[in-house]
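Enquirer: Two independent chains are provided; combine them into the complex using the hints.
Sequence lines, in order, name chains C and A. Note that the numbering used here gives residue 76 to position 76 of the first sequence, counting from 1, and the numbers run on in steps of one. Note that the numbering used here gives residue 4 to position 4 of the second sequence, counting from 1, and the numbers run on in steps of one.
Simulated from the structure, these hints should not be mistaken for laboratory data. Please note that the accuracy of each hint is not assured.
Computed Cβ-Cβ distance ranges for the label pairs, DEER-style [as the list claims (entries may be wrong)]:
id, chain 1, residue 1, chain 2, residue 2, range
1, C, Gly4, A, Arg126, 19 to 27 Å
2, C, Leu120, A, Gly29, 55 to 63 Å
3, C, Arg106, A, Arg138, 33 to 41 Å
4, C, Leu286, A, Gly8, 52 to 60 Å
5, A, Gln199, C, Leu286, 58 to 66 Å
6, C, Pro149, A, Ala134, 51 to 59 Å
7, A, Arg127, C, Gly4, 24 to 32 Å
8, C, Gly288, A, Arg59, 57 to 65 Å
9, A, Gly64, C, Ala7, 42 to 50 Å
10, C, Ala111, A, Ala243, 50 to 58 Å
11, C, Gly4, A, Glu200, 39 to 47 Å
Partial list, derived from the structure: chain C residues whose beta carbon lies under 7 Å from chain A [stated by the list, open to error]:
id, residue
12, Leu131
13, Gly134
14, Arg181
15, Ala185
16, Gly188
17, Asn189
18, Ala192
19, Ala195
20, Met196
21, Gly197
22, Ala199
A few chain A residues facing chain C, derived, Cβ under 10 Å [said to hold, decoys possible]:
id, residue
23, Glu5
24, Ile75
25, Asn98
26, Ala179
No experiment lies behind these values; they were computed from the predicted model shown. The beta-carbon is built from N, C-alpha and C at its ideal position, and this holds for glycine as well.
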Amino acid sequence: MSRGGAAAVAALLILLVLPPFFVDDYVQFILDLILVYVMVSFGFNIVLGYAGQLAFANAAFFGLGAYTLAICLGRLDWPFPAALFAAAVVGGAAGLLVSLPALRLRAYYLAIITLAFGELLRWTYVHASGLTRGSSGLGVPAISIFGIPVASDRARYWLFLALAGLTLWGSANLLRSRFGRALVAVRGNEAAAAAMGLAPAVVKIGAFAWSGVVVAIGGAMYALLLGRISPESFGLSQLLLHFSIVMIGGLGSLVGSVLGAVILTAAPELLRDIPGLEEIIFSLLLIGVLLFMPKGVAGLLGRLALFRERLYLT
Amino acid sequence: MALLEVEGLSVAFGGLAALSGVSLAVSAGTVYAIIGPNGAGKTTLLNAVAGYVRPASGRIRIDGRDTTDLAPHAIARQGLRRTFQNGGVWGEMTVLENILVGVDHDAQSGLLGILFGFGRDRRTERRAVAEARAILARAGLAGIEDKRVRDLSFGQQRVIEISRALVSRPRILLLDEPAVGLSESEREELGARLRALAQEGTAVILVEHVVDLVMAVSDRVLVLNSGQVLAEGTPEEVRGDAAVVEAYLGSA
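One chain only, chain A, in its complex shape (with noise of 0.2 Å):
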């Protein structure tokens, strides 16, 4: 069964149709992309999936359970993590400061601990602290965790964000163009993770515009075109549709 069903998703803002009739299936240990020129409603797949957009139809289940009426936090604590377009990282805190709040979720303190040092909570708030610093070290940031975030690189801060989401080892995870604003390195870098991630059973949604990186690292792609669906199938399918190459490869 799949992680993650869409089924019949319609969302509309105003009388504008921004999605009408999506569905798509994504299993543990795939990469999905969604593709499709500027305004095809990629965004917003991923905003009604996350919580952030209230369908006007359709259904959202994640492993066999509705979530399509729940609210973003309590989507996340299914077990999905999700990136912005715009980034959401938080400038003010520091680099580790920003971890520390995804390896938060499964702190287990009481108030009265929080308030006075009790032994338990200092405990729980070092191996926070110790997790954090592990996960920075593999991400290779390690050097600047007590750097603000808003004081590094738009590459730097994408790197944070994905990392920030993957602290909680997500089943799903949603990521809005993570490429935009990478080298090419720093892409095949990306390309390379999220292959590595799909490998140990995260089911990976990437919206992206750089088609190469799409082709390369995903099982299965999704085309977009005025909020419907205009193919579904592996990379070589979606290459070779007349529709597709019409609408969107084409002109790339």
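Isolated chain C (complex conformation) (with noise of 0.2 Å):
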């Protein structure tokens, strides 16, 4: 990184780490929300974007994220990084086993059986209410780290913003690496990714792997936001979101998705006083930009010149 890049770089994080000092409780939350959706809409660009799969499982990743930290923490008194953890693990092992439909399956059928996994879960957490509590819902309680209490909104905002920070950038890394050339590779012509040695099944598992892993601690994050979640958090409508986000943000850019989750986050907010106006302006903005924009708005930036995501290390 040259010193310009670093130099902004830690400007950004400076700009960062300041908000709780700066805003009220509301608005904290909604920094809060949109880092969430942050993780979210990135993991499912994955699998959606770079890997090209029309897999629909982002919120049954994002569930089994929230349930397994909320289970960890409360009903089996993990420490929570203990509990964090086994979220990624839980959604690192859901992406594999969704993969293993993708290796055979094609676009919609592949789009189908993914939604069925999802509303599977659901009817899950709903019923296995010894473990879940059912619909009424699951608590999660306070936090420490090694000792020290995440108590107030402030100390949950660095955490998150430490969380999303480490998992994104990693990701990136991991995208720019020769896995993320393999990946591309494999989306672009899998016959001529398979005659450079590439075992395209290989690819695609690990893609989904990792996708399940950054949208299981997205789910664990929103679990600790709330304090509480119950199923009907991880339906539809929730996937709905992360499609809408990652779809205006831009399929297959990593600032795409941070744009995305900020729109869509802070929006709804915004518009929350005039009933039904929300859902009206977000299937007007979800079918612009499918017409008008099918790079999202990254892209849109990126014709205007304004800045040109490399994805690659060269």
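Expert: Put into structure tokens, the structure is as follows:
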């Protein structure tokens, strides 16, 4: 990284650390929620944008992360780092599981089976009430990290910032590595990728598993933020939100995931006072983007030459 | 012993026999051409050897090892590379990135190293980029390394695809009509390059329509017709074969 680049990153970090000193609880909550959805949309983007797989298990990974964290903390009394690790592992395992039909099924069949997987999990949260307390919802206890309680909203924001920063930094490195190139190669031309000795199945499984890890960490953050989770948070409307963020932000763009999360988390808050307007604006936005800006907001910025995203290290 | 051996290979699509009882043997350090009219089964033969088509019967061996039932990527890892008739480059990647995919295969780095940029992984990446740049320089493509491949001419895409196949120094190289879309001088360059590769010990297998090129560079020629071997021998032998002249060369 050049000296200018390092300075820019340092400035950005300082800028990101400061908000809790200046904003009220409500804005703080929205900022936390944006960080959650940055994780969610970026994780979804790995499968949808980078691997080019029409799989809709994202709300499922999200819910698994949230429930795993809540159960490990509240039911098993695990320390937070262990519970978070468990959520990531469960998410990764679910990603691996979903990748198996993806190796055989194409497009719409994969879409349907992954949707069914999500609904099956939602049904499980409702009925496995011994573990999840069913529809009445599962509380998430307060946490501490190595003895330091994360009690204030401020501390929680910094924790979220650290989690999102580490995950996104790692993911960006991953996508810029030989693994990222393999992913784009398999998406672009599977036969040619195999001709270079890349096993398409292994590459796809890896993408799904990593997506599962990222989204499940997002789900765990969501559980911490809300303090109580219930099955209806992880249904189709959640999935639709994730999908909209990815599409509006920009398919296959890390920057787009961040932009999409900011836009779609902040906008509903501004529209909240007029009932129904939120849904209408959402739908119009999604239709507009799909029709006129197939690469989302990130693609639009790229076209205006405001920035150009380099996926690969060269 | 031959590096690549094909024995009694038959391939059928539905009820239609695309190849029946084809045998051939290619030694290291030779250029071996497969010619024949359209629909003779040339590309099917390449696809079967590279694992993209399952044969109904027959065996394929690379360096004595049976590869008949292996998947394409597993066969590729035996030291075989191929190019595609319709082009197998990744258009949305840059030239350098296309080459890098070919370099990547022998990278040794762990997941954590990749995620958080540990030193060894950074070095691996830098070394890969340096190697890819050297390959591009040798192929005369250094000036366009950051261009997206889809923005380049068909001929340039061809050169990139072949360069990418050569990155890992394959023992066997399969080329499916590499001369299509190339100019006269580019064809001559290609021919010289194939001879040089054979000189270095590579077994080059060439499916080609351009008879002049085939006759100029090949050590042996196999003529396919309707999925069967019509003739096999040195270019001179094949050129003099009455059945070949009748079926193919005569009409060319």
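Enquirer: Closer than 7 Å between Cβ atoms is the bar; does Gly197 (chain C) clear it against chain A? Give me holds or violated.
Expert: holds (4 Å)
Enquirer: Taking 10 Å as the limit, does the beta-carbon of Ala179 (chain A) come near enough to a beta-carbon in chain C?
Expert: Cβ of Ala179 (chain A) sits 19 Å from chain C, so the hint is violated.
Enquirer: Measuring from beta carbon to beta carbon, are Leu120 (chain C) and Gly29 (chain A) in 55 to 63 Å?
Expert: holds (59 Å)
Enquirer: Let's test the interface hint: is any C-beta of chain A closer than 7 Å to that of Ala199 (chain C)?
Expert: holds (5 Å)
Enquirer: Using the Cβ atoms, figure out if Gly64 (chain A) sits within 42 to 50 Å of Ala7 (chain C).
Expert: violated (59 Å)
Enquirer: Given a hint of 24 to 32 Å, does the C-beta separation of Arg127 (chain A) and Gly4 (chain C) actually sit inside it?
Expert: holds (26 Å)
Enquirer: Would you settle whether the hint for Ala192 (chain C) is holds or violated, based on the nearest Cβ-Cβ distance to chain A being less than 7 Å?
Expert: holds (3 Å)
Enquirer: Using the beta carbons of Leu286 (chain C) and Gly8 (chain A), state whether their distance is inside 52 to 60 Å or not.
Expert: holds (58 Å)
Enquirer: Given Arg181 (chain C) as an interface hint, is its Cβ closer than 7 Å to any Cβ of chain A?
Expert: Result: holds, 5 Å to nearest chain A Cβ.
Enquirer: Using the C-beta atoms of Gly4 (chain C) and Arg126 (chain A), is the stated range 19 to 27 Å upheld?
Expert: Taking Cβ atoms as reference, Gly4 (chain C) and Arg126 (chain A) lie about 21 Å apart, which means the hint holds.
Enquirer: Would you check whether Ile75 (chain A) satisfies its interface hint, that is, whether its CB is within less than 10 Å of any CB in chain C?
Expert: Cβ of Ile75 (chain A) sits 9 Å from chain C, so the hint holds.
Enquirer: Hey, does the Ala195 (chain C) contact hint survive, CB to chain A under 7 Å?
Expert: At 5 Å from the nearest chain A Cβ, Ala195 (chain C) passes the 7 Å test, so the hint holds.
Checked against the numbered hints above, the structure violates hints 9, 12, 13, 23, 26; every other hint is satisfied.
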